[in-house]
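Using the hints, position chain U against chain P.
As given, the protein sequences belong to chains P and U, one line each in that order. For what it's worth, this note's numbering labels the leading residue of the first sequence as 1, then goes sequentially. For what it's worth, this note's numbering labels the leading residue of the second sequence as 1, then goes sequentially.
Errors might be hidden in some of the hints.
Because identical chains share one entry, a pair is satisfied inside a single copy or across any pair of copies.
[Stated by the list, open to error] The calculated DSS-like cross-link candidates involving lysine-lysine, where the alpha carbons are at most 27 Å apart (straight line), are:
1. LYS216 <-> LYS189
2. LYS178 <-> LYS49
3. LYS49 <-> LYS198
4. LYS164 <-> LYS211
5. LYS178 <-> LYS230
6. LYS216 <-> LYS178
7. LYS189 <-> LYS49
8. LYS230 <-> LYS90
Just so you know, these hints were derived from the structure itself, not from any lab. Remember, it's a predicted structure, so these values are computed and weren't measured experimentally.
2 protein chains.
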Amino acid sequence: MIFRQLFERESSTYTYLIGCEQTRQAVLIDTVKSAVDLYLQLLEELNLKLVYVLETHTHADHITGAGALRDATGACTLLGEEANSPCVSKAMHHGEIINVGQIVIEALHTPGHTDDSYSFILEDKSQYYAFTGDTLLIRGTGRTDFQNGSAADQYVSLFDHLLKLPDNTWVYPGHDYKGWMVSTIAEEKAHNPRLQVKDVAEYIALMSNLKLPNPKMMDIAVPANRACGKV
Amino acid sequence: MIFRQLFERESSTYTYLIGCEQTRQAVLIDTVKSAVDLYLQLLEELNLKLVYVLETHTHADHITGAGALRDATGACTLLGEEANSPCVSKAMHHGEIINVGQIVIEALHTPGHTDDSYSFILEDKSQYYAFTGDTLLIRGTGRTDFQNGSAADQYVSLFDHLLKLPDNTWVYPGHDYKGWMVSTIAEEKAHNPRLQVKDVAEYIALMSNLKLPNPKMMDIAVPANRACGKV
Chain P
1 MIFRQLFERE
11 SSTYTYLIGC
21 EQTRQAVLID
31 TVKSAVDLYL
41 QLLEELNLKL
51 VYVLETHTHA
61 DHITGAGALR
71 DATGACTLLG
81 EEANSPCVSK
91 AMHHGEIINV
101 GQIVIEALHT
111 PGHTDDSYSF
121 ILEDKSQYYA
131 FTGDTLLIRG
141 TGRTDFQNGS
151 AADQYVSLFD
161 HLLKLPDNTW
171 VYPGHDYKGW
181 MVSTIAEEKA
191 HNPRLQVKDV
201 AEYIALMSNL
211 KLPNPKMMDI
221 AVPANRACGK
231 V
Chain U
1 MIFRQLFERE
11 SSTYTYLIGC
21 EQTRQAVLID
31 TVKSAVDLYL
41 QLLEELNLKL
51 VYVLETHTHA
61 DHITGAGALR
71 DATGACTLLG
81 EEANSPCVSK
91 AMHHGEIINV
101 GQIVIEALHT
111 PGHTDDSYSF
121 ILEDKSQYYA
131 FTGDTLLIRG
141 TGRTDFQNGS
151 AADQYVSLFD
161 HLLKLPDNTW
171 VYPGHDYKGW
181 MVSTIAEEKA
191 HNPRLQVKDV
201 AEYIALMSNL
211 KLPNPKMMDI
221 AVPANRACGK
231 V
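Next comes chain P alone, as it looks inside the complex:
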């Protein structure tokens, strides 16, 4: 497997490039429109053909590069069916399997941050990778106070799905604001302050007391991303 984590500084977004060494097919997870030329450069230099562009959810903090990448490469764009996006190539559902050459990616519906939040899981050489979007962050979890977010749903997504992955699973989040790039399920179980709650009621109370300001780009980014980044 060819694997690269990429960083977009303005929104502190991580984008993931995953490629199949044998077939040279590749997928990008959570792209940013301003970095599309850099993705195209890297794909060309690594001799990879982009076949899928996946979104973990409808982002409120940056504009997706999905539409521009589809235009440039013919790749298929996927976003959760809950987003009701009119322009996405394919509306993704829970349990959807995405084949990228010999790499098998499973989409898990992990709502809570938004109702259209998904995580992507794959296995390579007995090592699991979880691309958790804004559901599970490194020592944090995504806010649940807009875009049909729900702390109760997120509790289920975290405790009944993501934290049941093997302890050594790599956790690759959608963002990090302190410069950390990867974690593991074991690390998050032990050290993520949001995951030390005793039950769903305590988690709902914790999340409802965060009182965060709205993301700066929300009013622009959400409608733009429903339109595949075409603004």
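Positioned in the frame of chain P, the structure of chain U alone reads:
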């Protein structure tokens, strides 16, 4: 081997944490003073004991966390002997071997960006890792126009040393400004525009025509780093 790449946004610096799974000893390469508390948190959470803090060179763009980390942990700090730093625990020389539990790191003197530039090489499970500081960047090389820099020396460091590492060696640089995190020797040989020169004269001409502004923090950072970050 436990391995984490960390990012400091202000100076776009990559810091590397490498730990031995068996002995729990760890080393940090190129720390940033403002992130020291985050390093200490991560070391504690991963149950690692910091034994070395390595510098690839005397940085001109950020202040090292070496002194503060030595105070907090008792770790030994290393910087190239060419720096003539009065406060470093140990002045490092070409070929120096640094043992971190069962991990063996070799320091290569790779001058050019500065006269005290080093790269750190290690092997884990038949995979080489090169921490190249500002000598070899992803699709670039470090400027050579101050701190006793020399394009001629850098040409030798690149072509006679770093590019002779196995093609699949991971290249982990000291910085990246476009959000890329890792490369390989093969990739840099093929796609780094600075490495497409035919000889040392062409490289010197290329580097002397860059006409870059001085780093913003240079006047503060260089003396501070000669003093192990104690300002």
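Could you tell me which of the hints above the structure violates, numbers in ascending order?
1, 3 and 4
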